[in-house]
Amino acid sequence: MRKRGRKVTAACCAGCLTFLAAACLLAPVLSSCDPNLVNPLKKFAGMSREHPLGTDYLGRDLLARLLWGGRNTLGYAAAVTAVSAVIGTGVGMISGFLGGAADRLLMRGSDVLRAFPGVVLVLIIVSILGAGIGNVCIALLLTRWIWYARMARNLTREELSRPSILAGRLAGSGWGAILIHHVFPAILPQMLSVLSVDFGGALLSISGYSFLGLGILPPEPEWGMMISDGRSYMDKPGMMFWPGICILIVVISVNVLGDLLRDILEEKRT
Amino acid sequence: MGEVLLEVDDVTRAYGSKRRGQKQILRGVSFRLQEGKCLGLVGESGCGKSTLCRILAGLEKPDSGQALFCREPVGSKKVRGKIQMVFQNSLEAVNHHQNVLQIVSEPLKNLFHMNREECRKETARLLEMVGIAPEEMKKYPRQFSGGQLQRICIARALGAKPELLLLDEPLSSLDASVQAQILNLLSDLRNDLNLTCILVSHDIRAVYYLSDEILRMSEGTVKAIPSLDTIIRPERF
Numbered sequence: 001m002r003k004r005g006r007k008v009t010a011a012c013c014a015g016c017l018t019f020l021a022a023a024c025l026l027a028p029v030l031s032s033c034d035p036n037l038v039n040p041l042k043k044f045a046g047m048s049r050e051h052p053l054g055t056d057y058l059g060r061d062l063l064a065r066l067l068w069g070g071r072n073t074l075g076y077a078a079a080v081t082a083v084s085a086v087i088g089t090g091v092g093m094i095s096g097f098l099g100g101a102a103d104r105l106l107m108r109g110s111d112v113l114r115a116f117p118g119v120v121l122v123l124i125i126v127s128i129l130g131a132g133i134g135n136v137c138i139a140l141l142l143t144r145w146i147w148y149a150r151m152a153r154n155l156t157r158e159e160l161s162r163p164s165i166l167a168g169r170l171a172g173s174g175w176g177a178i179l180i181h182h183v184f185p186a187i188l189p190q191m192l193s194v195l196s197v198d199f200g201g202a203l204l205s206i207s208g209y210s211f212l213g214l215g216i217l218p219p220e221p222e223w224g225m226m227i228s229d230g231r232s233y234m235d236k237p238g239m240m241f242w243p244g245i246c247i248l249i250v251v252i253s254v255n256v257l258g259d260l261l262r263d264i265l266e267e268k269r270t
Numbered sequence: 271m272g273e274v275l276l277e278v279d280d281v282t283r284a285y286g287s288k289r290r291g292q293k294q295i296l297r298g299v300s301f302r303l304q305e306g307k308c309l310g311l312v313g314e315s316g317c318g319k320s321t322l323c324r325i326l327a328g329l330e331k332p333d334s335g336q337a338l339f340c341r342e343p344v345g346s347k348k349v350r351g352k353i354q355m356v357f358q359n360s361l362e363a364v365n366h367h368q369n370v371l372q373i374v375s376e377p378l379k380n381l382f383h384m385n386r387e388e389c390r391k392e393t394a395r396l397l398e399m400v401g402i403a404p405e406e407m408k409k410y411p412r413q414f415s416g417g418q419l420q421r422i423c424i425a426r427a428l429g430a431k432p433e434l435l436l437l438d439e440p441l442s443s444l445d446a447s448v449q450a451q452i453l454n455l456l457s458d459l460r461n462d463l464n465l466t467c468i469l470v471s472h473d474i475r476a477v478y479y480l481s482d483e484i485l486r487m488s489e490g491t492v493k494a495i496p497s498l499d500t501i502i503r504p505e506r507f
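As they're listed, the protein sequences go chains A and B. Mapping of the first sequence onto our numbering: position 129 corresponds to residue 129, and the numbering continues sequentially without gaps. To convert, count from 1 in the second sequence and add 270; that's our numbering.
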């Protein structure tokens, strides 16, 4: 019964995510409107065939902005998550494998970076380099890879003492092969779980910084910035509702899917 | 009388740091093992049997003393692959993300640089040798019982064509009937391949059955148990 419930939840979350991602990818097909085309004559237009979700305060098509904005939000969040996961996992695995002074040096370095509150570090970097999604992504990368590195390092240390790894060493596998063929598949379930939570976090950060005007710059659409635009027009809830609900769906779905994926991979392992 | 294959001289090993306190596991262990012989190693839990095995396999370095295999230090490149180990918990000793073919062919690829077809043939031969049907080589570890997995681990160890096989409590995670099967398999393999082995076990009957000589470990040192010639061994376990 519990398994069935899990399957239904997973299917719902995967369906929602696939639907949103596909819709954003197919933005040019699904919406013929230019997301940045200003038309003051049509501002705050209601739902119609021409504008299925209506228009915003500048007469821009909300559906087009939602879909093109989703490409930005999801794309940058995925890129930040993927790059920080690759860097962090690589550094963590090497640190865990090397042990000794190299491990201490790498981990203390990550402690120093971790000691700064992420938001403060991002604000410092953005204030030095200037606002813009590129700089926000760099700042996010600097703060996010550490979590992967610490997790990968601890898991690697644990894995290296397992008999299967010792048997691999006796079978003549080099350290590269041990790390890639034995350690990496073993730590992958936990790393995927971290990755899914982090993807949600990265998406919220990118939307949050765009909401504050530090991320994607106007007129490019982005979900966080769309919410920020709608803040001044509380009587037109559609401007905030659609991007808000999209963020909520994506964050919940990736978290639930991440947990389920970890459980499935762990079950498969044992 | 066979040649001395393994010489262990005054090996010591301690765990922990000097600042926080060390626990001395091995205190000057010395013995010799002749080619073709089986040495049984018995002793209570925590006396250092598994640590000694890992040192002999070259997986750990001793704090002092040395272990020489054919007059070469264990763990050196010249000894690579010649010493293999079968671990206590077969479930933990295999990579669950690899199928049997990948597990057993690991030493074949690394040590003998066999191609895919050669690996497949040799894996089938090794599996047959340990009593696993070659058709099962595409299966994953979770599809096997503990006894079958231990056979697969033995097949992987044999794939490296070892001259010394370290059996670190290979029976302890198995039930009684499977223990007997594995013990008989080890006995047959020993006779067929003229393997030199060290059997670590709590089961004194198993040690008597398979070993030519026995060492008792206690508080990090070894003591020989007098001649086994007086013991009447059963034909089959």
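Worth flagging that the hints you see were computed from the coordinates, not collected in a lab. Every value quoted in this text rests on a predicted model; they were computed, and no experiment measured them. Glycine is no exception: its CB is placed at the ideal position from the N, C-alpha and C atoms. There could be a bad hint or two in this list.
Stated by the list, open to error - Pairwise CB distance ranges, derived in the manner of DEER restraints:
| hint | chain 1 | residue 1 | chain 2 | residue 2 | range |
| --- | --- | --- | --- | --- | --- |
| 1 | A | R114 | B | E483 | 51 to 61 Å |
| 2 | B | A494 | A | R108 | 19 to 29 Å |
| 3 | A | P52 | B | E405 | 36 to 46 Å |
| 4 | A | I245 | B | E405 | 45 to 55 Å |
Going down the list of hints, with the structure as the test:
no.: 1; hint: A:R114 x B:E483: 51 to 61 Å; in the structure: 56 Å, holds
no.: 2; hint: B:A494 x A:R108: 19 to 29 Å; in the structure: 50 Å, violated
no.: 3; hint: A:P52 x B:E405: 36 to 46 Å; in the structure: 58 Å, violated
no.: 4; hint: A:I245 x B:E405: 45 to 55 Å; in the structure: 53 Å, holds
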